[in-house]
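*Asks:* In order, the protein sequence lines correspond to chains A and B. In terms of the working numbering, the first sequence has 42 at position 42, counting the first letter as 1, and numbering is strictly consecutive. Add 1000 to a position in the second sequence, counting from 1, and you land on the number used in the working numbering.
Please keep in mind that the hints were generated in silico from the structure rather than gathered at the bench. Check before you lean on any hint, since a few could be wrong.
Some but not every residue of chain A turned toward chain B, in silico, with C-beta under 10 Å [stated by the list, open to error]:
no.: 1; residue: P90
no.: 2; residue: L117
no.: 3; residue: D155
no.: 4; residue: A249
No residue lacks a Cβ here, since even glycine has one placed at the ideal position from N, Cα and C.
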Amino acid sequence: MRKRLVLLSLIAAASLVSAATAQPGKKAVAPKEEAKPDAGKAKAEPDKADRPVAAGDASATGGGNDDLGAPPPKDVAEQKPEQKPSPLTPKPEEFPSGAAKPPPFEYDKLLGDIATLRSRVAALTTTLFASKLRVVVETKGDDARLASFNITLDDGVVFAAPDRFSADDERTVYEHAVAPGHHVVGVEIERYDARNKEYRTWQSSRFSVVIPENKLVDAHLQVIDDSDMADDFPSDADGEYDLRVKLRARVVQ
Amino acid sequence: MRFGSFLALAWALGTGPAFAQAGGAAPAGANPPAESPPAASANPAGAADTAAAPSASAATTYDDVADTRGEAMRAYQTALDSKKLSASAPLSIQRLRDELPAIEEKIGAGRRDEAIGDLVYLVESPRFEPFAGSEEGKAALFLLGDSLASAGALQPARGYLTRLLKGDPGDTSYRRAVHSLVDAGLASDRPEVILKDLDAVPPSAPDELTGDVNYLRGRAAELQKKSDEALAAYAKVGEKSRFWAQATYLSGVLEVERQNFKRGEQLFCKVADKKQTPKRAALFGGSDFFRVRDLARLGLGRVAHEQYRFDDARYYYYLVPHDSENITEALYETATTRYEAKDYDGARQALDDLKRLKVNHVYEDEAYILDSYVDLATCHFPQADKKLDAFIKRYEPVRDAARRIVKDGAAMKALVDAVRGGADPASAGLGVPDDTARALGSLLRVDAGYGRAARRLSLLDHQLSGLRRSMTELDEVSSKLSAQKETRAQSDAGLSASPADKVARIESQIRELKRLLREAERTGKKGPDLEVLGKELAGLEVQARAARASLSDAAAAPAAKGVDLPGLIASDRQLATELYQKSSVLRLAAEKQQLDLAQDSLQRLDLRLSRLLRRARLGRIETVLGKKRALEIEIEALSQGLLPQTIVDSLDAQRFLQDNEEFWPFEGEDWEDEYVGGEGLR
Chain A
1 MRKRLVLLSL IAAASLVSAA TAQPGKKAVA PKEEAKPDAG KAKAEPDKAD RPVAAGDASA
61 TGGGNDDLGA PPPKDVAEQK PEQKPSPLTP KPEEFPSGAA KPPPFEYDKL LGDIATLRSR
121 VAALTTTLFA SKLRVVVETK GDDARLASFN ITLDDGVVFA APDRFSADDE RTVYEHAVAP
181 GHHVVGVEIE RYDARNKEYR TWQSSRFSVV IPENKLVDAH LQVIDDSDMA DDFPSDADGE
241 YDLRVKLRAR VVQ
Chain B
1001 MRFGSFLALA WALGTGPAFA QAGGAAPAGA NPPAESPPAA SANPAGAADT AAAPSASAAT
1061 TYDDVADTRG EAMRAYQTAL DSKKLSASAP LSIQRLRDEL PAIEEKIGAG RRDEAIGDLV
1121 YLVESPRFEP FAGSEEGKAA LFLLGDSLAS AGALQPARGY LTRLLKGDPG DTSYRRAVHS
1181 LVDAGLASDR PEVILKDLDA VPPSAPDELT GDVNYLRGRA AELQKKSDEA LAAYAKVGEK
1241 SRFWAQATYL SGVLEVERQN FKRGEQLFCK VADKKQTPKR AALFGGSDFF RVRDLARLGL
1301 GRVAHEQYRF DDARYYYYLV PHDSENITEA LYETATTRYE AKDYDGARQA LDDLKRLKVN
1361 HVYEDEAYIL DSYVDLATCH FPQADKKLDA FIKRYEPVRD AARRIVKDGA AMKALVDAVR
1421 GGADPASAGL GVPDDTARAL GSLLRVDAGY GRAARRLSLL DHQLSGLRRS MTELDEVSSK
1481 LSAQKETRAQ SDAGLSASPA DKVARIESQI RELKRLLREA ERTGKKGPDL EVLGKELAGL
1541 EVQARAARAS LSDAAAAPAA KGVDLPGLIA SDRQLATELY QKSSVLRLAA EKQQLDLAQD
1601 SLQRLDLRLS RLLRRARLGR IETVLGKKRA LEIEIEALSQ GLLPQTIVDS LDAQRFLQDN
1661 EEFWPFEGED WEDEYVGGEG LR
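Isolated chain B, as found in the complex:
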C-alpha cells in the first residue's frame, strides 16, 4: 500500500462525515504525492492567478465591509411611514419575548426563509434600536445572522453577528455569535474573510472560543497550503473546543505528510487512545469525536503499515469498532497488511469478515482481487482462476459503462446524484444494465469537493426559486398600491403554463430523448437515423439553454424608480430581474464545475478498474503457470514413488462401494513384497 494508503487517509479526511461540519473541504493532504504532481492542475492555477487579478481587488473591497443591506429596508420603513402604512403597534421587550420563541420554532422546523423575513421586519425597524442591547435584542440579532449564514448569505450574516462581538466575551450571545461565525467559515470557501471578523475575539476570551477560532485559522492555512501555520494554529486548540479531536488528527496528517511518522503517530494516539485523550474532549466534541477517533485509529494503522510494522497495523485496525462506518475500510486494510506480511490465513480471515458484513462498499473491487491473490498465494489455483474470471466478467462492463457515461453530462450527473442521495443507481436512467449501474454506484468514490459544489448549487437553486416568488409578490404589491380597492386573481394563467414550466417540460423531454438514445446505443443499434437524431438533439439542447437564460427577460417589468414606495418597489423589481439573470449565468458555471468533479470521479474509477482488470488478467496467467508448476511437482513426486493425495484416496476400495455392497478388508497374511494400498503414504 505505502504511499497510496496515505492518500487514502487524506481521502477519508475529505469525505469523512466527521468533517462535514468542518466544511468537508479537501485538505492539502488530498493532493497526490510530490513526485507526480498533476500537470493539469498546476497550469490552471497559474492562469487563474493572472486572470483573477482584477476581480481580486473587487473581492477584497467587497469582503472588507459586512453590509447587512439594512438601508434598503429602512428606506421602505420611511416610505411606508410617509404613507401611514407602517406598523403602528409599539415594540417592547415583552413583544420580543413573545415573538422570538415562535421564530426559533420556525427555524427548527426548517422554515428558515420565513424566519428571516420575520426577523428583518423586527430588526430593521427604527423601533428596534432601543432594544438592540437587551438580551432579547441580541437574541434576535443572533438568530437573524445565524439564519442568513446557513442560507449562504455570508456578508449580511457577518453584518449582524459582528455587532454582537462588541460585548463581553463571556456573554451568551457573544459565544453563540463566535460559534456561528466559525461554522460559517468552515462551510465557506473563503474562511479568511470570516477570520478577519474573528480578530475581534481577544486572547483572553474563554478557551472554547479561542480554540474554535484557532481551528478555523488552521483550516484556512491548510487550504492555502501553509502547513507550518496550520500546525501552529491546531496546536492552540484546547480540549474545551468542540474541534480538539479534529485539530489533533489533522496535525497528525500534516506531520505524516512531512514524513514525521513518530510525531504523527503520537498525535493520532492522543485521539485514538482513551488514556491519552483529555477527559473533557469527548464531552465537548460530541458525536463527531468518535468518528474522528475511528479515523485516528485507521491513521495509526496506516503509519504502522508504512513502516512495515504489520502486526502493529493489524492491532490498530482491530481497534476500529464494528459499528463504525469505517469498518469496511479497516477490514480491507487489515487484509492488505496481512497479505503483505505473507500471513495469508490472516488475510483470508479479514476478507471473510468483510464478506460477512454483507454491505456494499467502495473497496468491493479491490477486495475481490485481493481475495483471488490470497488464493494464488496459497496455491489454490482453480479457485483463484474462477474468481479472477468472474471479476473480469463482472467489472469489464462496469469499466466500459464508466467510459461511456463520462461523455454524457446528464447521465453522469444522474449517477453521481443517485450515489450522493442514496438512491438506486439502476433507476437513474443511465442506459446500462441494472447490475452494471448498481456496481458503478457502489464503486464511485465521490470526493468532498463534489459535495461542496452540490451544496453551492442547491443553495443557489433554493434562493432562485424563492426569488421567483418574491418577484410575483413585488408585482402583487405594485398592483395593490395602484388599485387599493380592487381584488383580482393573482394567478390567472393556466396551471403549469408559465414559461418556467414550459422550459422545464422541454428539458425533461430532452433528458428522456437522451436516455432513449443511450438505450439504443447500448442495444447495439446503429444507423444514420440515430446520428441525425443525436445532432438534432444537440441543437435542441442549445435552444433549451437559450430559453432558460431568457426566462428572466420575459419576467422583467419596467417601472419608474424613485424614493417613494412605488419607486422603491420598482427598483427592487428591477434588482430582482438583474439578480435572476446573474444567477442564471452563475448557475451554469456552478453546474459545470459540479459536472467536472463528477467526470473526475468517473475517470478515477476508470483508472482504478483498468488497473484491477490488468491485474486480474496477469493473475490468470499466474494461475496457469501455477497449475503447470503444480503438475510438474506432482510428476516429479510420482517419479520418486510419492502419490498425490487424490490418487491415494482413489486406491481406497470403500470409495467405490454401492449401497447394497459390503467390504471385507484383507485379513490374510501380509507379504512384505506385496503392495497393499496407499496408507501412510504422502
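Looking at chain A on its own, in the form it has when it is part of the complex:
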C-alpha cells in the first residue's frame, strides 16, 4: 500500500511537471546550451549526497545533512510494482568493486631474488661454519594461546610460527650453522586467553648467547603464561598477567 502511494504521488508529480511545461503562452524554453549546465548540476547534487565522505571533504561531514540521500531516480514511476526492488535492497556501490589491481611483475621477481639469495647464503654458512645453534621452544599455560610467535637471530626472523602452532611439548624451531661468537636470540609473542579473547599480551625478549667454535649450542626457551586476568578481572575487577620467558643455553656437542 505504501509503495503504491509513493508510486501514485510520483506519477502525479511527473504529470504535473509535464503539464506545466506544456502550458501555452508561458516563457519560452531556454536554449539547449543554457539548459545543459543546470541539468548537469541537478544531476551532480544527488551523486554528492549519496557518496561516502572522501578524505579531506570537510563540507560533507560538517552537518551530517547528507543523510537525506539521493532523490529517487526518475524512472521509478515506470517500474511495475512487482518488479520494484525491496526498500532494503543494497545498492551496487555497496559491494566490492572487483578484483584489486595485481602487483607489478617486479614483486614476483623480487621475492624470487630474495628467496634464492637467502637459500644461497644458508647453504654457504652450512659449508663454512662448524658451529651450530639449535632453538627449542616449549610453551606452558593452560589457557594461553599463541596469536603470533617469531624467533629472531641478530634482528632477522628465523622462524615464524604457522597457523595453529603449538609447543606444549618441546619443539625444535631452528637449527643451523652460525658464526662463532655472540649472537642475540629474540622471541616475539602475542598471546590471548582462551577463556576471553579480549585479554591479549605482547612480549618481546632478547637474549645474548655465545656460540663457541665447532660446538652445537642448544637454546631451550620456555614461554610461560600463568595469567588469570581473563578469568578474574571480568568477575571482580582484579586480575594479573604473569608472563615469563626462560632461556637455558648449553653446549651439547
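Since chain A is already given, all that's left is putting chain B on it; use the hints.
*Replies:* For chain B alone, coordinates are given in the frame of chain A:
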C-alpha cells in the same frame, strides 16, 4: 533483493573460505551490474594500459624463462672447491633417503626457510646431477619447488617443478608437481604465467591432472573477463579433480550473470543436490566440497528469489545446515524472502532463529532494520518505533566513526587487521568508544582483495626480515674468510640499539601520539595546540618514513667483487643491499594498496549505514503515520459502537480487585436494555 542478491552471491564467492585455496581472487562476478559501472575503476585501467606498456614487455621476457638462479650457487660451489672448502662427503641415494624425511619434517613444522636452504645445498651441488632422475632426486626437486612456491618465489619454483614435467604423467612426482603448480597459479595474481608451464601436460594425462589444469585455466579466463573461455574450461573439469565443485559452482555464477537462470540453477543443483552430485566428487573435493555445496544452496535460493519463487527460495535456504558458516546469511536471506512474499510470520521466525544463534555477523545492521519493518508491516507500531530509535542511536555513531577512521590510515589499518585476525577491535586503539569499535568490526565486510594484498605484504615482510639475517651472515662469512683464526663477538651492539630498532621505536611512538590525538578529538577538545601538534606529527611521519627508507643505505658494506669466494660474497652483499632498497620501495606501494582496499571497505560500510539510517528515519515516520491511522480506525469503530480490546478489558470488574477483596458477579434478572459489559464485543 533482486540484483543486490547476486552481487552478494559474488561477494560470498570472493570471500568464501572454500575459495581461499583458489586464491580468493574476486572474480568477474564481484563487479557491480553493467548499468552502473564505477567510472573510477574504468579510467585507471585505461591509464594503466598505456603506462604499463614498457613494463609489459619486460614482464613477458621475465615470465618466459623459469630461472632457478642456480648458477649463482654453482659459482659458489666452484669457488669453495678451489679453496678446498666444499663438502667432501659423497652424495648417495641412501644419504638422500636419510636427509629427505628430516627436511619434510622441517616443512611440516613451519621451518620452510631452513628447508629451502638445506634443499638448495643438496640440489645445486654438482654431485646431485647423477641422482636427479631417481625417485629421491625427484622428491628433492619437488620439495624445493613446492617450498619456494609457498614462499612466493614463483620463478625459481617453476624452474624446479617444470623439470619434473618431462617424465611420465602417471609418475607420483609428476602429479605432485602439477598439483603444486596449479596451487601456485591459483594463489598468484598472474596465473597465465603458470598456465604456459602447464601446457606441457598432455591431454592424455590422468583426469585429476587435466581437471586441475582446466580449473586454473577457467580462473585465469575469469580474471581476464573472458567468460566464454572460462565456461569452456570449467566444463572440462572432471569429477576426479579436487576442484569439480568449485568449477561447477563458478559456471553457475557465470550463467546467472548472463541471466541464464535455468542453466545456472541446473549447475548449482549438481553441487547442492546429493542425487545429482557425482559419487566421487565429495571424496576428491575434501572438506572444501561441503563449503561449496552450502554456497550452491545459497545460490539456488537467490536464483529462486530473483524469479519471485519465494517458497522455493525458502526451501533452498533451509537446506543450508546449521553448522555451516553461511547459516547467518541463509537465515537473513530467508527473512528477506518471506518479507517480500508478505509472509511476515515466516520473516519473524527466521529473524528469531537468527537472534537465537547469538553470534555477531555482517548482516546485524540489516537484520535489525528488517526486524523493525516486519513490526511495521504487522502494525506493531510502538515496537517498531522503539527498535528504529535504538537502531539510530546505536549505528549513527558507528557510521560517524567509520567516516572519521577512513581519514586516518593507521587507525584504518589497525581496524581491518583486527577484523581479519579475529582480534577485539576495541583493543585496536581507534579512538572511539569500545562498543562502537566492536560494532564497526562486526559490520566491516573485508573483501578477498584485501586478503590477497595482506598476504603479499606479509610474504614481503617475511623475506625482508630474513634478508636482514642473510646480510649479517654474509658479513660474518666475510670476516671469517679474512681472519680465519679469530673468534669475535658477532653482535657487539647494544640490545635493541640497531638502526632498525630505533626506527621501529620512533614509528611506535608516532602511532601512540596519533592515538592520543584521536582520543583528544573524540572527547571534543579542540584548540590551536592540537592543530600545531597535528602538523608537527605529520612532519615527524615524513621523517620517520625517510629514516625507514635509508636503513638499507646504512647497512651497505662496499667490497671488491670477483669470481673468487670473497668476490662472490661481496657481489651477493651488494645484491642484498639493492634488493633491500627495492623491497622497501615496493613495500610502500603494497602497503598503500592495502590501505586503499581498507578505505574501500570502510567507505562501503559508510554507504550501507547511511542507507539504513535513512531507512530507519523513514520507518519512524511510517510508525507515526501508522499510529495515527490506528487511532483513526479506533475512533471510527467507537463511533459505530465497537470498543477496542483494551477498553473491553478495562470494563471487567475483576481487574480492579485488591488481594483482600472478592467479586460477586451479578446474578439478578437480566434486563434487555441494561448494559452489562463488553463480553462478546469486538
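*Asks:* Now tell me, hint by hint, if it's right for this structure.
*Replies:* Each hint tested on the structure:
With a cut of 10 Å, the hint placing P90 (chain A) at the interface with chain B holds, because the nearest CB-to-CB distance is about 4 Å. This hint holds: L117 (chain A) has a C-beta 6 Å from the nearest C-beta of chain B, less than the 10 Å allowed. At about 6 Å, the closest approach between the beta carbon of D155 (chain A) and any beta carbon in chain B falls short of 10 Å, and the interface hint on this residue holds. Interface hint status for A249 (chain A): violated, as the beta-carbon distance to the closest one in chain B is roughly 14 Å, over 10 Å.
Hint 4 from the earlier list is the only one contradicted by this structure; the remaining hints agree with it.
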